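Visitor: Once you've looked at the hints, dock chain B against the given chain A.
Protein sequences appear in the order of chains A and B.
Numbering follows full-length UniProt numbering, in which position 408 of the first sequence is assigned residue number 408; successive positions increment by one, without gaps.
Numbering follows full-length UniProt numbering, in which position 4 of the second sequence is assigned residue number 4; successive positions increment by one, without gaps.
One thing to keep in mind: the hints can contain errors.
Here's a subset of chain A near chain B, in silico, CB distances under 7 angstroms, partners left out [said to hold, decoys possible]:
#1 218
#2 220
#3 274
#4 365
Heads up, simulated PhoX-like pairs for lysine-lysine below, C-alpha to C-alpha not over 20 angstroms straight-line [to be verified]:
#5 A:273 with B:283
#6 A:273 with B:273
#7 B:45 with B:151
#8 A:283 with B:273
#9 B:197 with B:356
#10 A:257 with A:356
#11 A:356 with A:197
#12 B:244 with B:295
#13 A:213 with A:283
#14 A:283 with A:308
#15 A:283 with B:283
#16 B:28 with B:126
No wet-lab data here; the hints were simulated from the structure.
In this text, all values refer to a predicted model and were calculated from it rather than measured experimentally.
Built from N, CA and C at the ideal position, the CB exists for glycine as well.
Number of protein chains: 2
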Amino acid sequence: MANWQTLIREQLEKDRDEATALLQEWVKNASVQGEEESIQESIAKTLASMGLDVDLWVMEGEELLSHPYFVSPRTVFTGSPNVVGVWKGAGEGRSLILNGHVDVVPAGDRAQWSDDPFSGKIEDGKLYGRGATDMKGGNLSSLLAISVLQKLGVKLKGDVIFQSVVEEESGGAGTLATILRGYKADAALIPEPTNMKIFPKQQGSMWFRLSVKGRSAHGGTRYEGVSAIEKSLAVVQAIGQLEKERNDRLDDPLYEKLPIPIPINIGVIEGGKWPSSVADLVKLEGRMGVAPGEKMEDAKAEMAAALKRLAEVDPWFAEQPVELEWYGARWVPGSVAEDHPLMNILHRQFEAVTGKRAVVEASPWGTDGGLLTALADTPAIVVGPGVTQVAHYPNEHIVLDDVFTCAEIFALALIEWCGVAEQNTQN
Amino acid sequence: MANWQTLIREQLEKDRDEATALLQEWVKNASVQGEEESIQESIAKTLASMGLDVDLWVMEGEELLSHPYFVSPRTVFTGSPNVVGVWKGAGEGRSLILNGHVDVVPAGDRAQWSDDPFSGKIEDGKLYGRGATDMKGGNLSSLLAISVLQKLGVKLKGDVIFQSVVEEESGGAGTLATILRGYKADAALIPEPTNMKIFPKQQGSMWFRLSVKGRSAHGGTRYEGVSAIEKSLAVVQAIGQLEKERNDRLDDPLYEKLPIPIPINIGVIEGGKWPSSVADLVKLEGRMGVAPGEKMEDAKAEMAAALKRLAEVDPWFAEQPVELEWYGARWVPGSVAEDHPLMNILHRQFEAVTGKRAVVEASPWGTDGGLLTALADTPAIVVGPGVTQVAHYPNEHIVLDDVFTCAEIFALALIEWCGVAEQNTQN
Numbered sequence: 001m002a003n004w005q006t007l008i009r010e011q012l013e014k015d016r017d018e019a020t021a022l023l024q025e026w027v028k029n030a031s032v033q034g035e036e037e038s039i040q041e042s043i044a045k046t047l048a049s050m051g052l053d054v055d056l057w058v059m060e061g062e063e064l065l066s067h068p069y070f071v072s073p074r075t076v077f078t079g080s081p082n083v084v085g086v087w088k089g090a091g092e093g094r095s096l097i098l099n100g101h102v103d104v105v106p107a108g109d110r111a112q113w114s115d116d117p118f119s120g121k122i123e124d125g126k127l128y129g130r131g132a133t134d135m136k137g138g139n140l141s142s143l144l145a146i147s148v149l150q151k152l153g154v155k156l157k158g159d160v161i162f163q164s165v166v167e168e169e170s171g172g173a174g175t176l177a178t179i180l181r182g183y184k185a186d187a188a189l190i191p192e193p194t195n196m197k198i199f200p201k202q203q204g205s206m207w208f209r210l211s212v213k214g215r216s217a218h219g220g221t222r223y224e225g226v227s228a229i230e231k232s233l234a235v236v237q238a239i240g241q242l243e244k245e246r247n248d249r250l251d252d253p254l255y256e257k258l259p260i261p262i263p264i265n266i267g268v269i270e271g272g273k274w275p276s277s278v279a280d281l282v283k284l285e286g287r288m289g290v291a292p293g294e295k296m297e298d299a300k301a302e303m304a305a306a307l308k309r310l311a312e313v314d315p316w317f318a319e320q321p322v323e324l325e326w327y328g329a330r331w332v333p334g335s336v337a338e339d340h341p342l343m344n345i346l347h348r349q350f351e352a353v354t355g356k357r358a359v360v361e362a363s364p365w366g367t368d369g370g371l372l373t374a375l376a377d378t379p380a381i382v383v384g385p386g387v388t389q390v391a392h393y394p395n396e397h398i399v400l401d402d403v404f405t406c407a408e409i410f411a412l413a414l415i416e417w418c419g420v421a422e423q424n425t426q427n
Numbered sequence: 001m002a003n004w005q006t007l008i009r010e011q012l013e014k015d016r017d018e019a020t021a022l023l024q025e026w027v028k029n030a031s032v033q034g035e036e037e038s039i040q041e042s043i044a045k046t047l048a049s050m051g052l053d054v055d056l057w058v059m060e061g062e063e064l065l066s067h068p069y070f071v072s073p074r075t076v077f078t079g080s081p082n083v084v085g086v087w088k089g090a091g092e093g094r095s096l097i098l099n100g101h102v103d104v105v106p107a108g109d110r111a112q113w114s115d116d117p118f119s120g121k122i123e124d125g126k127l128y129g130r131g132a133t134d135m136k137g138g139n140l141s142s143l144l145a146i147s148v149l150q151k152l153g154v155k156l157k158g159d160v161i162f163q164s165v166v167e168e169e170s171g172g173a174g175t176l177a178t179i180l181r182g183y184k185a186d187a188a189l190i191p192e193p194t195n196m197k198i199f200p201k202q203q204g205s206m207w208f209r210l211s212v213k214g215r216s217a218h219g220g221t222r223y224e225g226v227s228a229i230e231k232s233l234a235v236v237q238a239i240g241q242l243e244k245e246r247n248d249r250l251d252d253p254l255y256e257k258l259p260i261p262i263p264i265n266i267g268v269i270e271g272g273k274w275p276s277s278v279a280d281l282v283k284l285e286g287r288m289g290v291a292p293g294e295k296m297e298d299a300k301a302e303m304a305a306a307l308k309r310l311a312e313v314d315p316w317f318a319e320q321p322v323e324l325e326w327y328g329a330r331w332v333p334g335s336v337a338e339d340h341p342l343m344n345i346l347h348r349q350f351e352a353v354t355g356k357r358a359v360v361e362a363s364p365w366g367t368d369g370g371l372l373t374a375l376a377d378t379p380a381i382v383v384g385p386g387v388t389q390v391a392h393y394p395n396e397h398i399v400l401d402d403v404f405t406c407a408e409i410f411a412l413a414l415i416e417w418c419g420v421a422e423q424n425t426q427n
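Same shape as in the complex, but just chain A:
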């Protein structure tokens, strides 16, 4: 093993500049929802040049669109293909999926970025740009794990399936499409930005929309009306109370260090039409966390009950109940045993490479891991080099050293998990 580690590390150092340039190129490609075609074609080419069996396709079809776990604001994905590249093994080894999404969230308020949100700029060992951390840096680690072993002439026993999917940020339709296309494996790694913590359990989440009613009136006689803006204050407070109750009863030690393990975030508020009128409608949109192992239907029922209880504190809500709608993005929670064989491998290789013990936690956000675990019988573990705090944030960046550290750990994990069939040391 020590030999592998040295060989892998030296090869990664040789390839570092070229790999860094590739990541920069990926980050500069603004692959927001609907704009993923060029980066996916480029990735497909890269995989083909590595001798992988490449599958590049635009997802469609009834089976996908009517699947109970299909979630997307759209049903036509032209311009947003999926890419899968399979590095076939010699046989009789465990297979591994390396899954990552290529879609990135919008840049947000440009004024809060120091540079162009898609600059790819490198400064002080960090590479900047939307998607650097979430999660193109991690995808590079996966790619490097394969390429470094190839350069070392390794042939594995088990297949390695590299997946670059779309639509993760909106609910997982891309990964769902790979599952329906038949891709499965004995396990999966997803290098979402975890600060290199290992998440054997992943939070689910669901988007909700609340409609808070009021009664219109002229602003000068506002007491004639009922302000939906004032009523929404009570709703926001009730949601905060529900969040507190749900988190207070968690006892999973994996969540100990998180201030709010299973948050309910209200992300958007919009209501009222005219400064001189009392607002008669306010909409709130947000995201509710679902604990690993919790049924999504149970979480939904708790939200509905909390909103119903509002009528007890304010009779207005008995007259005009808050409307609740589950819509849009939804991530299935996932759960892998903490002593799963792949977990043990990751622990071992993490210590070997970094000299430290890995931190194990439950993830604070949804990923496509739950889909793989629940639908494809592919236990998924989430671990990656990105900086959690800057995902979806202005001035998103990744620490380049972490990308290569993760690549090293992944390469070693591939060796242990898939097994080595042979090694050709002619370079």
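Guide: Then chain B, alone, in the frame of chain A:
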């Protein structure tokens, strides 16, 4: 006088159907901001057919646009002309402006209307539609006051100046334009919807915009961020506290019966971009009442101070103070002595026509009256037949009997105020 009252009442009854049809036509004309051309041309025609000197013009020009009291979201008013019709008097009498706006606010949530918002439908003695009460019904009362005296062969001493203006709902640019064009008089009546209460004092008001800051983060780790939505709750509560303080200290007996005489209404809220992200910016837009006799600058200073005090309850506001902007619509408060000669005339004629004493109050909302009082040396009194509670509301309507009662009172007031030069009883 009894003779005038009988003559006027009988004439109004003769003209009732035709007048009702005219109001219905006005209400069906959806004269929202920017869409007033056709109704104004129709009104200009009507005034011309009554022999008035008609002035129909689109306001423009530096003097208007750079005037300190100019307020409008736009600077080009093509499609939104003003109309003034002057019924010249014989001379040596007091003149009177009958001012009314023709622009109406948007219909709002269509689902809350029983019929089309511009139906003009008549049912149980009420005429329905946006603008019926605010304030086309009142404008008809003004028009009828002139036409009924003309039909009775009356010639007044003083001029009567009928004004149909635009841009009242946005801050008074239309009336300002009439003032800059030179129209002034010894007094003015504005039949805004007062339920036939007489308002010698009118509230001013100003539109404000607040920007509440947060700090963005992923919704799953929302404790890394600061929710501008949560912070805006504190801001809304602070505004409520300021409103309470300002109203608690009022001692004008005219305001006794109003629950909140000088309200601060927050009418619009908008913030956040993504359900899965912590909102980093929320905007609130609203309307702050200014008491008659209060300086607008003093009211502005109180708002700024209240927002500053937020830092004492939450250090976030010291780090990221709420931004305050005064924008858009502003109505100057107005004040006429309660024993002004025109007030006495109105009291007298109100009792003569209705058999009851008029109720005198201070208005709960801004009107163009303040501009006339402050800028044109034209004391303005607000009194009109509309139903205050349904202005800006779904299912807005007016009681037709009230329109004709008001017309009768106005006609008698014209006789007393302007004086009769002669009467030709040949019809």
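Visitor: It remains to establish, for every hint, whether it holds in the given structure.
Guide: To see whether the hints hold, each was checked on the structure:
1. The criterion of a C-beta within 7 angstroms of any C-beta in chain B is met by residue 218 (chain A), whose closest approach is roughly 5 angstroms, and the hint holds.
2. Look at residue 220 (chain A): its Cβ gets to within about 3 angstroms of chain B, closer than 7 angstroms, so that hint holds up.
3. Below 7 angstroms, beta-carbon pairs count as interface contacts, and residue 274 (chain A) has one with chain B at about 5 angstroms; its hint therefore holds.
4. For residue 365 (chain A), the shortest C-beta to C-beta distance to chain B is roughly 3 angstroms, which falls under 7 angstroms, so the interface hint holds.
5. Of the pairs offered as hints, the one joining residue 273 (chain A) and residue 283 (chain B) holds, with about 13 angstroms between alpha carbons and a cut-off of 20 angstroms not exceeded.
6. The straight-line distance between the Cα atoms of residue 273 (chain A) and residue 273 (chain B) is roughly 18 angstroms, inside the 20 angstroms bound, and the hint therefore holds.
7. Distance hint between residue 45 (chain B) and residue 151 (chain B) is fulfilled; the C-alpha atoms sit about 18 angstroms from each other, no more than 20 angstroms.
8. Only pairs whose Cα atoms come within 20 angstroms are accepted, and residue 283 (chain A) paired with residue 273 (chain B) is accepted, the gap being roughly 13 angstroms.
9. Taking the CA atoms of residue 197 (chain B) and residue 356 (chain B), the gap is near 12 angstroms; set against the 20 angstroms cutoff, the hint holds.
10. As the CA atoms of residue 257 (chain A) and residue 356 (chain A) are separated by approximately 18 angstroms, the hinted pair is consistent with the 20 angstroms bound.
11. A distance of roughly 12 angstroms separates the Cα atoms of residue 356 (chain A) and residue 197 (chain A); the hinted pair therefore holds under the 20 angstroms criterion.
12. A C-alpha spacing of about 19 angstroms is found between residue 244 (chain B) and residue 295 (chain B), which places the hinted pair at or below 20 angstroms, so the restraint holds.
13. Using a Cα cut-off of 20 angstroms, the hinted pair residue 213 (chain A) and residue 283 (chain A) holds, with the two alpha carbons roughly 9 angstroms apart.
14. Restraint check for residue 283 (chain A) and residue 308 (chain A): satisfied, since their Cα atoms lie roughly 17 angstroms apart, inside the 20 angstroms limit.
15. Of the pairs offered as hints, the one joining residue 283 (chain A) and residue 283 (chain B) holds, with about 14 angstroms between alpha carbons and a cut-off of 20 angstroms not exceeded.
16. For the proposed pair residue 28 (chain B) and residue 126 (chain B), the alpha carbon gap of about 14 angstroms is at most 20 angstroms, so the pair holds.
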